[in-house]
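**Student:** As a plain string of letters, each chain reads:
Protein chains: 2
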Amino acid sequence: MTTEFDLIARLRSLATHPAARGLNDDAAVLSIGGQELVVTHDMMVEGMHWLTGQDMADVAWKLVAVNLSDLAAKGAQPIGLVLGQMMGADDDRFLEGLAEALTAFEVPLLGGDTVGATTGPRALGLTALGKATHSPVPSRSGAQPGDGVFLVGTVGGAMMGYEALRDGTGGETAAYLRPQPLLAEGQALAPFVSAMMDVSDGLLLDASRIAYASTVTIDLDPSAVPLGAPESRRDDALRWGDDYALLLTARPGAKLPDFAWPIGKVLPRGKHALLLDGNPPADGKPLGYQH
Amino acid sequence: MTTEFDLIARLRSLATHPAARGLNDDAAVLSIGGQELVVTHDMMVEGMHWLTGQDMADVAWKLVAVNLSDLAAKGAQPIGLVLGQMMGADDDRFLEGLAEALTAFEVPLLGGDTVGATTGPRALGLTALGKATHSPVPSRSGAQPGDGVFLVGTVGGAMMGYEALRDGTGGETAAYLRPQPLLAEGQALAPFVSAMMDVSDGLLLDASRIAYASTVTIDLDPSAVPLGAPESRRDDALRWGDDYALLLTARPGAKLPDFAWPIGKVLPRGKHALLLDGNPPADGKPLGYQH
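Chains E and H supply the protein sequences, listed in that same order.
Numbering that gives the first Met the number 0 applies: residue 0 is where the first sequence begins, and numbers increase by one.
Numbering that gives the first Met the number 0 applies: residue 0 is where the second sequence begins, and numbers increase by one.
Looking at chain E on its own, in the form it has when it is part of the complex:
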């Protein structure tokens, strides 16, 4: 059985066009008519990306939000969405959530495809198109030794929301169910960053991805990371995904907006891609959500 890692490696060998950015980025960046078009696609599958029985309005919202978060990481302005929808018993709620998200993020639905329900888990796909607002379009590969590392937003809120939902505690679930893509923040940051991505799979894992793509080491100060979870859960929050914060690096002296919070520094590439207060992360604990 091919692993997902192997599969992506093989897809990468097919995606040789420069616009594909070696599949090492949140989105493809394509020049068309003197504009830079940013294109991203995320799938969500029942039981894998949402809990069976969840309100489909939240699922629709999240499908839109996670794709727009990839555009945010490129400093792009959304121009349209294309939906691949498998029908289900609660399409009414799905459409209500979709309509709410289209309105909230001021992005038009342009088209797509609808297929009938099957006996298995429901699958949804969304392609988001955006227009770059700054060139060069931020990537994961531009971090340089001496840069600072910054976070916009918090991590851990989605974890708390997921647990509240799973355990039926009645706790706050919005961060998990209704994430907010940081579109305005991404556009404001794009001119000042050396690298940027959205934190979808866990801060530590995603920071190591910037480190690999940029051939640097990233040294984070875990205690400086703004949390959306209790302090006692800090270590889990650093490894949990789904928060859609923005992680970025910037040259010393870059005039970043003050919502960018310093959480570490970029070093020349050493033995480890990622350090926490100068030390490699403990073995055996995943850095994030590999999916």
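Please keep in mind that the hints were generated in silico from the structure rather than gathered at the bench.
These figures come from a predicted structure and were not determined experimentally.
Certain hints may be false.
Same chains, same label: a pair holds when it works inside one copy or across any pair of copies.
List of simulated lysine to any residue pairs, SDA-like, C-alpha gap at most 25 Å [as the list claims (entries may be wrong)]:
#1 130 x 273
#2 130 x 34
#3 284 x 115
#4 254 x 9
#5 284 x 268
#6 284 x 116
#7 130 x 98
#8 270 x 102
#9 130 x 76
#10 264 x 113
#11 284 x 238
#12 270 x 186
For this one, chain E is given, so just place chain H on it according to the hints.
**Tutor:** Below, chain H alone, put in the same frame as chain E:
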């Protein structure tokens, strides 16, 4: 339970941007940087769009081909593909077929998303992006009384291929398994057509879609339709999909390339959207493949 017809009607109420063309077209058409970008998305689901056990190389080819066929109907030149892939046991064959299609149609893979396998049928989604080669970009809504109706390609070949595969007769299956999007033909035709679409769901059904979108009646001469099936199967071939021929209308005297075959005429909208030799189609038999 919402029907697909109802669902699409409700999606249409959300897709109010002009680029969405009221979801009445094969693709969205979006102006960006002075270029017209054509965007389409098709999903394929195991057991619905392919037979379980089919060679996944053929499925990958078809996923690419059906999306490119939508671009062909707009006279667009493909510029990139974005793939949503659910993993399965035979990803190697899928990647081989994908590589073959990328090479055959000279289109780059730009990115996408990969998700793990589930217990249910496998779902795949593909977004194709193209650049219009002629403006205005052909739509389904431009047919006018007095126009001729033309077909490029044949119908019925995919039906024969599907039956050969299903029944294991050893007959020719390429038309079903490896359809060819008529990209060069679509680009050559775009300047001369009043309406155009690809025949994915059956010639009679798709002709009636042009008639509804254009508020005209289309009168076909069934005996003139070029077949990829035996004459004895003509009536079935007119209602079977998956051939990816191009159906178009053109003003009298339009200098169409000679591969466009006359199969009917456009009349003012009468009681029926579709006529066969002047008579409405017999009741009770579907015009095509509704899915």
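**Student:** Run every hint past the structure and note whether it holds.
**Tutor:** Going down the list of hints, with the structure as the test:
no.: 1; hint: 130 x 273; in the structure: neither (32 Å within a copy, 42 Å between copies)
no.: 2; hint: 130 x 34; in the structure: both (7 Å within a copy, 13 Å between copies)
no.: 3; hint: 284 x 115; in the structure: between (40 Å within a copy, 21 Å between copies)
no.: 4; hint: 254 x 9; in the structure: neither (40 Å within a copy, 46 Å between copies)
no.: 5; hint: 284 x 268; in the structure: within (22 Å within a copy, 68 Å between copies)
no.: 6; hint: 284 x 116; in the structure: between (38 Å within a copy, 24 Å between copies)
no.: 7; hint: 130 x 98; in the structure: within (22 Å within a copy, 29 Å between copies)
no.: 8; hint: 270 x 102; in the structure: neither (47 Å within a copy, 39 Å between copies)
no.: 9; hint: 130 x 76; in the structure: both (5 Å within a copy, 20 Å between copies)
no.: 10; hint: 264 x 113; in the structure: neither (46 Å within a copy, 31 Å between copies)
no.: 11; hint: 284 x 238; in the structure: within (9 Å within a copy, 57 Å between copies)
no.: 12; hint: 270 x 186; in the structure: neither (34 Å within a copy, 54 Å between copies)
In the structure shown, a violation is registered for the earlier hints numbered 1, 4, 8, 10, 12, in ascending order.
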